[in-house]
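> Please model the complete structure; the sequences and the hints are all you need to start from.
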Amino acid sequence: MSLQLTTYIIVGLTFALYIGIAIWSRAGSTKEFYVAGGGVHPILNGMATGADWMSAASFISMAGLIAFMGYGGAVFLLGWTGGYVLLALLLAPYLRKFGKYTVPEFFKTRYYSDGAAIVAVICLLIASTTYIIGQMTGVGVAFSRFLGVSNNLGVLIGMAIVFVYAVFGGMKGITYTQVAQYCVLTLAYTIPAIFISLHLTGNPIPQFGLSSGFQGSDMYLLEKLDHIVKDLGFASYIATPRLSKLNMFVYTLSLMIGTAGLPHVIIRFFTVPKVKDARSSAGWALVFIAIVYTTAPSVAAMARLNLHATVNKAVLKGGDVFAPEASIKFEERPKWMQRWEVTGLLKFNDKNGDGRIQYYNDKSKNKDFLAKAEAAGWKGNELYVNNDIMVLANPEIAKLPNWVIGLVAAGGLAAALSTAAGLLLAISSAISHDLLKNMFMRDLSEKGELMAGRIAMACAIVVAGYLGMNPPDFAAGTVAIAFGLAASSIFPALMMGIFSKTMNRQGAIAGMIAGIGITMLYVFAHKGIFFIKGTEFLGLFGGKQNFFFGIEPNAFGTIGAIVNFIVAFAVKNMTAPVPHDIAEMVESVRYPKGAGAAAADH
Amino acid sequence: MVDKERLEAYWKKNLGLIRNILIIWFIFGYVLTILFVEPLNNIKLGGTPLGFWFAHQGSIYVFVALIFIYAKLIGKIDKEFDVEED
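These protein sequence lines map, in sequence, to chains A and B.
Sequential numbering of the first sequence, starting at 1, is according to my numbering.
Sequential numbering of the second sequence, starting at 1, is according to my numbering.
Hints listed in this document are in silico derivations from the structure and should not be mistaken for laboratory results.
Every residue, glycine too, gets a C-beta built ideally from N, C-alpha and C.
Hints are not guaranteed to be accurate.
[As the list claims (entries may be wrong)] Distance ranges between label pairs, derived from CB positions: (1) 9/B to 218/A: 56 to 62 Å; (2) 82/B to 446/A: 33 to 39 Å; (3) 86/B to 386/A: 38 to 44 Å.
The following block contains the structure:
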C-alpha cells in the first residue's frame with residue numbers, strides 16, 4: 001500500500017474515532033458544556049490535560065529545539081513540567097473547592113468586582129487566541145505535508161472536525177476526545193523513538209537509550225554526540241546554557257508559572273468530582289506528559305546524531321571530518337532528504353561548488369576550527385535544517401514502515417486539534433459565561449446560555465480558522481506574550497486570591513495591570529510595538545540587546561510576576577481592607593470539607 | 001472556638017508541607033539543573049553527566065513523584081483534622 005493511502009486510512013480512522021466519541025458524549029446542560037458535568041475520573045482528566053497541554057509545538061517542535069540547543073533546551077523540559085507541581089500544590093485543589101466554571105469567574109467573586117473579571121477575560125482572550133493561531137497553522141502544515149492537500153483546505157478540515165466535537169460536546173465532548181487524542185499522540189511519539197533507540201543503542205526504552213552505549217563503539221551515546229558536534233564547530237551538547245545562567249533560571253520560572261496560569265489548563269481541574277481528585281489529577285496529568293517529555297531529549301539527541309552521521313561519513317568512525325570524501329555527495333543523499341527538500345524545511349546550497357554537502361557551524365568562535373574548515377575548501381555551511389524536521393522525519397530517517405509515518409501524521413494532528421479545542425472552550429466560556437451571563441445578560445436562561453456558548457464556540461472556530469490561514473506576521477512572537485501574560489498576571493492574582501486573606505480588589509487589579517504592563521513593555525521594546533519591525537525602543541532599557549541582566553523577552557514573565565506581587569501588596573496597604581465575607585470565603589476554600597462551598601449560586 | 005483552632009492548625013500544617021515540597025522542587029528544578037550543573041556534570045551516570053541528566057530527564061521524574069507525595073500526605077492530614085470530603 002502506498003504511503004499516501006496508508007496515511008489517509010490511519011488519519012481517517014482517528015477522525016472517525018473522535019467524531020464517534022463526540023456523538024456519544026453530547027453536552028445537555030451548561031454544567032456538561034463547561035466542566036463536563038464535573039464527574040470526570042482523575043486519571044482520565046489527567047490524560048485529557050496531557051493532550052490539552054501538549055500542542056503542535058510540543059509534538060513537532062520541542063525535540064527539534066532541544067536537538068539544536070542541547071543542554072540549554074532544559075528550560076522547556078523543566079519549565080513545561082515543573083509548573084504542574086505549582087498547579088497541584090498552590091492552585092488546582094483550591095480552585096476546585098471554589099467550585100466555579102471559569103477562571104474570570106474566580107476573579108469576579110474573589111475580588112468582588114467586574115473589573116477584575118474583565119482584566120482576566122482580556123488576558124485570557126489574548127493568550128488563548130494567539131495560542132490558537134499556532135495550532136491552526138500547525139494543522140494546516142500537517143495536513144499539507146502528509147495528506148497532500150493545500151494548506152487552507154487542511155485548516156478547513158481541521159475546523160470542521162473541531163466544530164463537530166467541540167460545539168456539540170462542549171467540555172464533555174472535548175474531554176473524552178482528548179483522552180483518545182492523548183493515546184494517539186503518545187503512541188505516535190514513542191513508537192519511532194523506540195525503534196531509533198533500539199537501532200542506535202540496543203536499548204528499546206528511549207529514556208534509557210539516552211544514557212546507554214552507542215552501538216558499534218566503546219563510547220556512550222551522549223559522549224559520541226558531544227564529540228561530533230564539537231568536531232563540526234558547534235557548541236557542546238552537554239554544557240552550553242541558553243544565554244546566561246540567570247536567563248535560564250528566569251526563563252524556566254517564567255514557563256513554570258505561565259503553565260500554572262494558563263486558563264485552558266486550569267479549567268481542566270474544574271471537571272473532577274472532589275478536591276482530592278484535583279490534587280491527584282495534576283499528578284496523573286504530569287505522568288502522561290512526562291511519558292512524552294522524557295522521550296523528547298532522547299529523540300533530540302538521537303536525531304541530531306543521525307543527521308550528522310548521514311551528512312558527514314567521518315563523524316561516526318572518528319576519521320577526518322575535513323577529508324573531501326567525508327561529506328556526502330549531493331547526488332547520493334538519502335530519499336528522506338529529497339522528500340523534505342520539497343517542503344523547504346531542508347535546503348542545500350553548494351557554496352563551494354564541489355557537489356558535496358558540508359554541514360558545520362560556520363559561525364564557530366573556535367579560530368582553529370574555522371582555519372581548518374577554510375583549508376579544506378569549505379566556504380560556509382551548506383545545509384539548512386528546520387527544527388521541526390527532527391520529529392517529523394524521524395521515522396523516515398530510521399527507515400520505519402509506512403504505517404508509522406502515517407501514525408506520526410495522526411499524532412501531530414491529534415496534538416494540534418486537542419489543544420485547539422481546549423483553547424476554544426476557554427474562549428467561548430469567557431464570552432458566554434463571564435461576559436454574557438455574569439455581566440451583560442444576567443437573566444439568560446440555562447438553555448439560552450448553552451446556545452450562546454455554542455455560538456461563541458462556532459464564531460471562535462471561524463476566527464481561529466481565518467487566522468490560521470492568514471497568520472499575522474507576529475504570530476511566532478506572540479507565544480512569548482501568551483506565557484508572559486499568564487505568568488505575570490493570572491498566576492500571581494490566583495495565588496494571592498487563595499493564600500492571602502487580606503488581598504483586596506484594588507491590589508489585585510493594580511498588580512495584574514502592572515505585571516502585564518511591564519512584561520508587554522519589555523517584549524515590545526525588544527521586538528517592536530505589536531511586533532512591527534523598526535519600532536523597538538530599547539533605549540528605555542539601556543539600549544543594548546538583552547540589556548536587563550541578559551534576560552530574553554520570552555523569559556520576562558518572571559519579572560512581570562514579581563512586579564505584580566510587589567505592586568499588589570503596596571496598593572493593598574493603601575486602600576480599604578477586604579470585606580469581611582470575602583475573607584471568610586477565602587478561609588472556607590482552604591478546607592476540602594464543608595464550611596460552605598463557595599459557589600452556592602449555580 | 002475549638003473548631004476554628006483546629007482549622008487553623010490544619011492550614012498551618014498544610015503550608016508547612018507545601019513549603020517542604022517546594023524546597024525539594026526548587027532543588028531539582030533549579031539548583032541541580034541550572035545553578036550547580038557544572039560540578040554535578042563531573043559525576044557520570046553511565047555515560048551521562050549527572051547535571052545534564054537531571055536537567056533533561058531526572059527532575060521531571062522527581063516532579064511527578066512530588067505531586068503524588070503531596071497528594072498522599074495532605075490526604076492524611078485531611079483525615080487527621082477531619083476536613084476530608086465525604
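> All hints, please: hold or fail.
Structure-based check of all given hints:
For the pair residue 9/B and residue 218/A, the supplied restraint of 56 to 62 Å holds, since their beta-carbon distance comes to about 60 Å. A C-beta distance of roughly 36 Å is found between residue 82/B and residue 446/A, which places it inside the suggested range of 33 to 39 Å. In this structure the hint that residue 86/B and residue 386/A lie 38 to 44 Å apart at CB is violated, the actual value being about 55 Å.
Of the numbered hints given earlier, the model fails hint 3 alone.
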